[in-house]
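Asker: Working from the sequences, and respecting the hints, build out all of it.
Number of protein chains: 2
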Amino acid sequence: MLEHLFELRKKRKWSLQETADQLGMAKSTYAGYESGYREPSLQSLSQIADLFETTVDFIIGRTFEEQELIEITNLVKNPDHRLLIDGKPLSKDEMIDFIAFVRVKRNLNKKEENEC
Amino acid sequence: MLEHLFELRKKRKWSLQETADQLGMAKSTYAGYESGYREPSLQSLSQIADLFETTVDFIIGRTFEEQELIEITNLVKNPDHRLLIDGKPLSKDEMIDFIAFVRVKRNLNKKEENEC
DNA sequence: TAAAAATGTGCGCGAATCGAATACAATATC
DNA sequence: GATATTGTATTCGATTCGCGCACATTTTTA
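Just so you know, the sequences run in chain order A and B. Under the numbering used here, the residue at position 91 of the first sequence is numbered 91, and the numbers go up by one with no gaps. Counting from 1 along the second sequence, just add 1000 to a position and that's the residue number in the numbering used here.
Hints listed in this document are in silico derivations from the structure and should not be mistaken for laboratory results. Where hints are given, some of them may not hold.
Stated by the list, open to error - Heads up, simulated DSBU-like pairs for lysine-lysine below, C-alpha to C-alpha not over 30 Å straight-line: (1) B:Lys-1010 to A:Lys-77; (2) B:Lys-1088 to A:Lys-11; (3) B:Lys-1092 to B:Lys-1105; (4) A:Lys-88 to B:Lys-1011; (5) B:Lys-1092 to A:Lys-10; (6) B:Lys-1077 to A:Lys-77; (7) A:Lys-105 to A:Lys-92; (8) A:Lys-105 to B:Lys-1011; (9) B:Lys-1027 to A:Lys-92.
As the list claims (entries may be wrong) - Here are some, though not all, of the chain B residues that point toward chain A, as calculated from beta-carbon distances under 7 Å: (10) Ser-1046; (11) Leu-1051; (12) Thr-1055; (13) Ile-1060; (14) Leu-1069; (15) Arg-1082; (16) Leu-1084; (17) Glu-1094; (18) Ile-1096; (19) Phe-1098.
Claimed, not checked - Derived coverage of chain B by chain A (criterion: at least 3 residues anywhere in the stretch with Cβ under 8 Å from a Cβ of chain A; other residues may be distant): (20) 1032 to 1045; (21) 1100 to 1106.
If you're wondering where the values come from, they're calculated on a predicted model, not measured in any experiment. From the three backbone atoms N, C-alpha and C, an ideal C-beta is built for every residue, glycine too.
Answerer: As structure tokens, then:
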């Protein structure tokens, strides 16, 4: 269930003890989670997600990728996510402007490459 | 911790019994989750998230809205999501450019309002 | 409107699980 | 080679789980 914990910890090159210390729990307790011997409380689980800067859904294996991929061009028509800048939601118009902005910029870079 | 369960169930106009039946557990068990009297196992929690077609993070209150909010300015330093345009990931530079772009545009709009 | 069914709430019990301490082998560090 | 660190496993008391059951309230049915 928590098979992702191992990779998250290894990616940061932390030992079980280091990780447990940061979470304020015993090494054996955290180790139990990784090995599948025990399940953490929801509070501990949330704390762990915070420590690894990820989601609970990823840790318990409900999402396959740690980094969720979000296609902005889809968001205009199907806003299943809300993008913010400085805490303020991005409007549809701002999104459209942005898409155009990036497309133009990417094309310019392409042309520059071809000229070299 | 699981304060969202009540609203998710009510939105669907389900009784405790109906909900518990769909989850294959006792009414009192599910009711215990809603009232905060008990915490479900991770397996049950995942099952509940499936039933309500939402995320565990939302149910346990780690995200405020069912529609997830993503602050782009945070993505630069902590890329827990990946934004795409035309299938191609947004680079850090593109994100920074975009943030500046939106900020300038928003400021211009503000000035225009003040002039009226 | 009275009877019956369904709803939400709370408690008690046995069983299961938790969190920490401890022990120990394997590996790393000096 | 001695020492410290790491990962794994086990045990123990305490906590919590999941369910059954009871009860008051509301809704539905006859």
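Asker: Does the structure keep Lys-105 (chain A) and Lys-1011 (chain B) at a Cα separation of 30 Å or less?
Answerer: Roughly 44 Å separates the two Cα atoms, so the pair is violated.
Asker: Do the numbers back the hint for Arg-1082 (chain B), that is, is its least Cβ distance to chain A under 7 Å?
Answerer: OK, holds: Arg-1082 (chain B) within 7 Å of chain A, min 5 Å.
Asker: Using Cβ atoms only, decide whether Leu-1051 (chain B) comes closer than 7 Å to chain A, and label the hint accordingly.
Answerer: violated, 13 Å
Asker: If you draw a straight line from the CA of Lys-88 (chain A) to the CA of Lys-1011 (chain B), is it 30 Å or shorter?
Answerer: holds, 27 Å
Asker: Holds or violated: Lys-1077 (chain B) with Lys-77 (chain A), Cα cutoff 30 Å?
Answerer: Holds: Lys-1077 (chain B) and Lys-77 (chain A) sit about 28 Å apart, inside 30 Å.
Asker: Under 7 Å is the threshold here; is the Cβ of Ser-1046 (chain B) close enough to any Cβ of chain A for the hint to stand?
Answerer: OK, holds: Ser-1046 (chain B) within 7 Å of chain A, min 6 Å.
Asker: Does Lys-1088 (chain B) pair with Lys-11 (chain A) here, judged by a C-alpha cut-off of 30 Å?
Answerer: OK: Lys-1088 (chain B) and Lys-11 (chain A) at ~25 Å, within 30 Å.
Asker: Taking the least C-beta to C-beta distance, is Leu-1084 (chain B) closer than 7 Å to chain A?
Answerer: This interface hint holds because 5 Å falls under the 7 Å limit.
Asker: With a cut-off of 30 Å on the C-alpha distance, tell me whether Lys-105 (chain A) and Lys-92 (chain A) pass.
Answerer: Holds. Lys-105 (chain A) to Lys-92 (chain A) sits at ~20 Å (cutoff 30 Å).
Asker: Given Glu-1094 (chain B) as an interface hint, is the shortest Cβ-Cβ distance to chain A below 7 Å?
Answerer: Holds: closest Cβ of chain A sits about 6 Å from Glu-1094 (chain B), inside 7 Å.
Asker: Is the Cα-Cα distance between Lys-1092 (chain B) and Lys-10 (chain A) 30 Å or less?
Answerer: The hint holds at about 25 Å.
Asker: Restraint: Thr-1055 (chain B) near chain A, CB-CB cut 7 Å. Satisfied or not?
Answerer: It holds, given that the least Cβ distance between Thr-1055 (chain B) and chain A is near 5 Å, below 7 Å.
Of the numbered hints given earlier, the model fails hints 8, 9, 11 and 18; all others are met.
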